[in-house]
Amino acid sequence: MNKSLGYLLIGIWGAMLAGCGQPSQPVVATPTSATPAGVVALPAEPVETVQVKAGVGSGKKGRSLDKHEGIIVTPAKTYFIAKEKIKFEIEIPKALQLFDALEGRAPNTHEEFMEKVIKAYNIELPELPEGHKYVYDPMLQTLMVEKPAP
Numbered sequence: 001m002n003k004s005l006g007y008l009l010i011g012i013w014g015a016m017l018a019g020c021g022q023p024s025q026p027v028v029a030t031p032t033s034a035t036p037a038g039v040v041a042l043p044a045e046p047v048e049t050v051q052v053k054a055g056v057g058s059g060k061k062g063r064s065l066d067k068h069e070g071i072i073v074t075p076a077k078t079y080f081i082a083k084e085k086i087k088f089e090i091e092i093p094k095a096l097q098l099f100d101a102l103e104g105r106a107p108n109t110h111e112e113f114m115e116k117v118i119k120a121y122n123i124e125l126p127e128l129p130e131g132h133k134y135v136y137d138p139m140l141q142t143l144m145v146e147k148p149a150p
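Oh and the sequence shown: position 19 is 19 in my numbering, straight run, nothing missing.
None of these hints come from the bench; they were simulated from the model. Certain hints may be false.
Only pairs whose alpha carbons sit at most 25 angstroms apart, straight line, appear in this in silico BS3-like list of lysine-lysine [to be verified]: (1) Lys-133 <-> Lys-85; (2) Lys-85 <-> Lys-67; (3) Lys-77 <-> Lys-67.
Use the sequences and the hints to build the structure in full.
Okay, here's the thing in structure tokens:
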């Protein structure tokens, strides 16, 4: 019994010593210019975009599985589809319904939608692929995804 207690105390003491180091200093990154000094970068051509209703298939996660099938892949694909379906077809419409009940109207701007619907109801939107972004359309009262035109 005393031997076990001794080992326990040594273990606790060792754990305390391991955590007593100096805190590391954060590394501060200094921004660098993407163009050499004296060279003026020309603005890139505006990219054509389209807006589509945010829904199942909008998110980034699970898209690499779309072209595969099988006993392992099918349940994984179903998991990602279910998560997006819950967000876009249950959580967001319910939050919009609650906002309408409290305010008597739909959100007027994208900023108001993000603040008073998404943040207020702790909705975590699925991560989008590179170049895509969420946009709330007040005329349609719908969350859209803006993406590069095909």
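Against the structure, the hints:
Restraint check for Lys-133 and Lys-85: the C-alpha separation of about 18 angstroms stays at or below 25 angstroms, so the hint holds. Distance hint between Lys-85 and Lys-67 is fulfilled; the C-alpha atoms sit about 20 angstroms from each other, no more than 25 angstroms. Taking the CA atoms of Lys-77 and Lys-67, the gap is near 10 angstroms; set against the 25 angstroms cutoff, the hint holds.
Every hint from the earlier list agrees with this structure, and none is contradicted.
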